[in-house]
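Colleague: Same order as they appear, the protein sequences are chains D and G. Quick note: UniProt numbering has the first sequence finishing at residue 556, numbered continuously throughout. Quick note: UniProt numbering has the second sequence finishing at residue 556, numbered continuously throughout.
Check each hint, because a few of them may be wrong.
In this list, chains with the same sequence are indistinguishable; a pair is considered to hold if it fits within one copy or across any two.
To be verified - Under the rule of at most 25 Å between Cα atoms (straight-line distance), these lysine-lysine pairs were calculated in the DSS-like manner:
#: 1; residue 1: Lys-73; residue 2: Lys-523
#: 2; residue 1: Lys-410; residue 2: Lys-73
#: 3; residue 1: Lys-158; residue 2: Lys-419
#: 4; residue 1: Lys-129; residue 2: Lys-416
Just so you know, these hints were derived from the structure itself, not from any lab.
2 protein chains.
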Amino acid sequence: MSTANGDAKHSRSPSVVYSEVQSSRLKTSLPLPSVLKSSFHVVDGPKSSASGNPDQIAKLFPNLFGQPSVSLKPGGSLPEKSLKIGVVLSGGQAPGGHNVISGIFDYLQTRAHGSTMYGFKGGPAGIMKCKYVKLNGDIVYHYRNQGGFDMICSGRDKIETPEQFKEAQETVKKLDLDGLVVIGGDDSNTNACLLAENFRANNLKTRVIGCPKTIDGDLKCKEVPTSFGFDTACKIYSEMIGNLMVDARSTGKYYHFVRLMGRAASHITLECALQTHPNIAIIGEEVAAQKQTLKSVTDYITNIICKRAVAGFNYGIILIPEGLIDFIPEVQSLIGELNEIIAHDTIDKEGTWKKKLRSQSHELFQILPKTIQEQLLLERDPHGNVQVAKIESEKMLIQMVESELEKRKKEGKYEKDFKGQPHFFGYEGRCGLPSKFDSNYCYALGHCAAALLHSGKTGLISSVENLGAPVENWTIGGTTLTSLMDVERRHGKFKPVIKKAMVELEGAPFKKFASMRGDWSLKNRYINPGPVQFVGPSADILNHTLRLELGAKAGG
Amino acid sequence: MSTANGDAKHSRSPSVVYSEVQSSRLKTSLPLPSVLKSSFHVVDGPKSSASGNPDQIAKLFPNLFGQPSVSLKPGGSLPEKSLKIGVVLSGGQAPGGHNVISGIFDYLQTRAHGSTMYGFKGGPAGIMKCKYVKLNGDIVYHYRNQGGFDMICSGRDKIETPEQFKEAQETVKKLDLDGLVVIGGDDSNTNACLLAENFRANNLKTRVIGCPKTIDGDLKCKEVPTSFGFDTACKIYSEMIGNLMVDARSTGKYYHFVRLMGRAASHITLECALQTHPNIAIIGEEVAAQKQTLKSVTDYITNIICKRAVAGFNYGIILIPEGLIDFIPEVQSLIGELNEIIAHDTIDKEGTWKKKLRSQSHELFQILPKTIQEQLLLERDPHGNVQVAKIESEKMLIQMVESELEKRKKEGKYEKDFKGQPHFFGYEGRCGLPSKFDSNYCYALGHCAAALLHSGKTGLISSVENLGAPVENWTIGGTTLTSLMDVERRHGKFKPVIKKAMVELEGAPFKKFASMRGDWSLKNRYINPGPVQFVGPSADILNHTLRLELGAKAGG
């Protein structure tokens, strides 16, 4: 196996110039929960089960199923030994990833002298191909409190086939790894657990610990209150949304339609709404629960615009989750039918092909803006399928609202001129400098992962709790990954999955939003959070979602 | 004349919730230049002339031409009297506008007891229609250090016709105004000077003072080192660009094409380049000076992408000024010809109409992406003209680069997969919370404007200099607006204009950029400025353009 590795070059050499803010963040020391500041021992909890279908999970993870979650308690001690630890970043970037690595590194430096740390390059592919960089203090230092994943980069490959597991085994044997930390989302943590099971089944000494990463905020449970990156991304998007609100109020003539990153769940949209108080925020989970149509979403927006016009406001802010279309059942049907038709028929200009659509789908297709119709028919992925991800839903909604308002204008029900401005906030937020919360949280997650490996644990996800308290009172532990799992049937086989945490319509964040949105829609309760601060009291603000969920937990 | 005015409602009542950062900015007290902290008197400079065609300017401004610019010096005193002052915001928003108003207000409170201040609503139309709000401490307080123009809003109307001047006269007579402060860009300050001349010619007591506002940074001269808003907007855009750089380096697969607000001049693009070190930044003034074609701009970008591919980089950041197309002479020709053809001929599907294009224009049209061709032919403004402003130049360039790379791929000269991501940063930046510099600069500009009115001056623009020094050492004065003017011939008549300050290819900022861009293009010298900070040393950073221009002035 070719490696071309070693103490490889890294992209931020000491010659790279940092901005003032980057430098000040580099130099900022990070607080630790008190249990990590002196001696500690690891306490096992009760036997665990699974999130669903425990029998199937037990079959899939015969070596790991049922093992207890654990917590770190003061006093006692762990064995004095040096460790060889690998770390990998998996999937899309999230602010704070570098601090998880810093946390692992600093733990090894102070508590496991003589340890070695490897960073696998480019995600899980780096494990399979044994591409790595040996991490030393000089490299790690230059990424402390910095955004992005560029220290070792990331990738979206999965370790799935028997051959791929074999490759992973060879790598961890070759590097003589005591442990591997997988930093990723729901899929990556499922993969981490499969690796832990596989290594244990093959009598390899390598333990595997996961860390919860995703700006989407959809990897969380009781013991893992939030995934890192969500706090920062929402704050960056909210800065921009807040600025647009001031712009809208100042000019008095634009409706800004803001699409926000996050396909599967609408946590980002909900959090940004709680931070900024837009006139409208569409939450995908509610659209799905109410089986709304594209027409009903359009009408909902249009009705508020008309009411606002009467109240004298010809401007506003509307937030839309990136995955909106995926939440509307009729759109899913239409796309399914279109894929079939495109595969087997000719799309003739006269539109006779449309007769093959079911009547509901035909109606929907007819009300879509022409540009969207064309996009659906012309742009395909390599498998010939319609590319839903490419649809700019904010532009689609602007056009649909525009048509509806034209209609109402003719009926004398609307008198203003509607001007929609589309925006998409995505890449700008996922690589920002981590907020103070994400910096501290990630540093604790990293220490926690290293401590779990040091104490010989495997198949756990790093769990830092009590996040509403000052850092020093945060609690530290590991939750069994199997306890987060359920199964899904794919191609006739049961696959383990950690189900994505969707926005709960009965949860505290959505309920707070629902109680206020009527007021926001007609009055302008805009809040401009401003740029993320790293110094002063505003640096310590916790995002609403986490605060409300912690409050609800404390209250219940 | 109907007024419907008085102590009118304002949009940010005390019941409005501010974010933590907004609140902390509200409470932050603002430093003043030392000359404004004790007694001062106004010293006249030498007789002034004009920027060009002094004879014509003298004819256009018989009452004002030749008057001296002035400066404030310590000692002495101004008459004790109360004043009635109006203020108007004109044109697009720029961060800091509210602090100009706060500065005027605070000056009147402390130095001209019993004064009254009126804010004209919705820009110059507010003057003509006598729509105003009487500003009191409660209103003004709620906008201190806040972004946007929403205290009294703005507008783009001009006071041009004799009837409109008459309306303005009636308003200032009705309100018995001693002075009027016009906060705006080059056009608005020209308009301010015309008003000053008109009021003087009609023996009205109302004096008029201008203030330099525009995020575009194209209103500046020796005595007015910068326009407010430029600093903040560039810092907000640079935060986003810096994040995209980290994203690009982390994923290693995207070219981000970022279009930046600012049609006329490329100062914003240049400043953001100096702050972030992109791989490519296109400066419109250079494109125009070198008479570049769209093809040569495309080739320039494509060549660097190919060289980067050889160096192992399949990603990058490219900055484009919003007004790029306006700088390319051949595009201007094509659009002129298209307007003619559209007005007189039929655009037939077969394309026989294309024969009417000159051969160079025909060639250009043929290499344009299909979507841009359609846009040019289909979307017209109310006068039937092609809408250049609607062309998303970042998307156009992505498509053109893509085609060129396809071609080179077939020729074996390029082997990677090119993925372009378009971005437009505009509205997000022009309404952000003002940076510490813009907050302080605007507060001083406001005090300065009020002091000039207090000392009976008219036809001046508020001039705050020595901006590289601590605020206390800033110097304060007024520059005659006629000295900034030249004439343009329009419809057979001479019109006074303040020429926009374009990026000077021999100026220090461009020269610095030009000396570094070769290095940036192939190596990755990215800098991530991070979010604007209001506390700590990074809050005091001055933008590069201003710093370099001040340095060059000091050096020369």
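Colleague: Are the hints correct? Go through all of them and say.
Modeller: A quick look at each hint next to the structure:
1. Lys-73 to Lys-523: Close neither inside one copy (50 Å) nor across copies (48 Å); limit 25 Å.
2. Lys-410 to Lys-73: Neither. Shortest intra-copy (70 Å) and inter-copy (64 Å) distances fail the 25 Å Cα cut-off.
3. Lys-158 to Lys-419: between (44 Å within a copy, 23 Å between copies)
4. Lys-129 to Lys-416: So Lys-129 and Lys-416 pass the 25 Å test across copies only (21 Å; inside, 61 Å).
Violated hints for the displayed structure, listed by number in ascending order: 1, 2.
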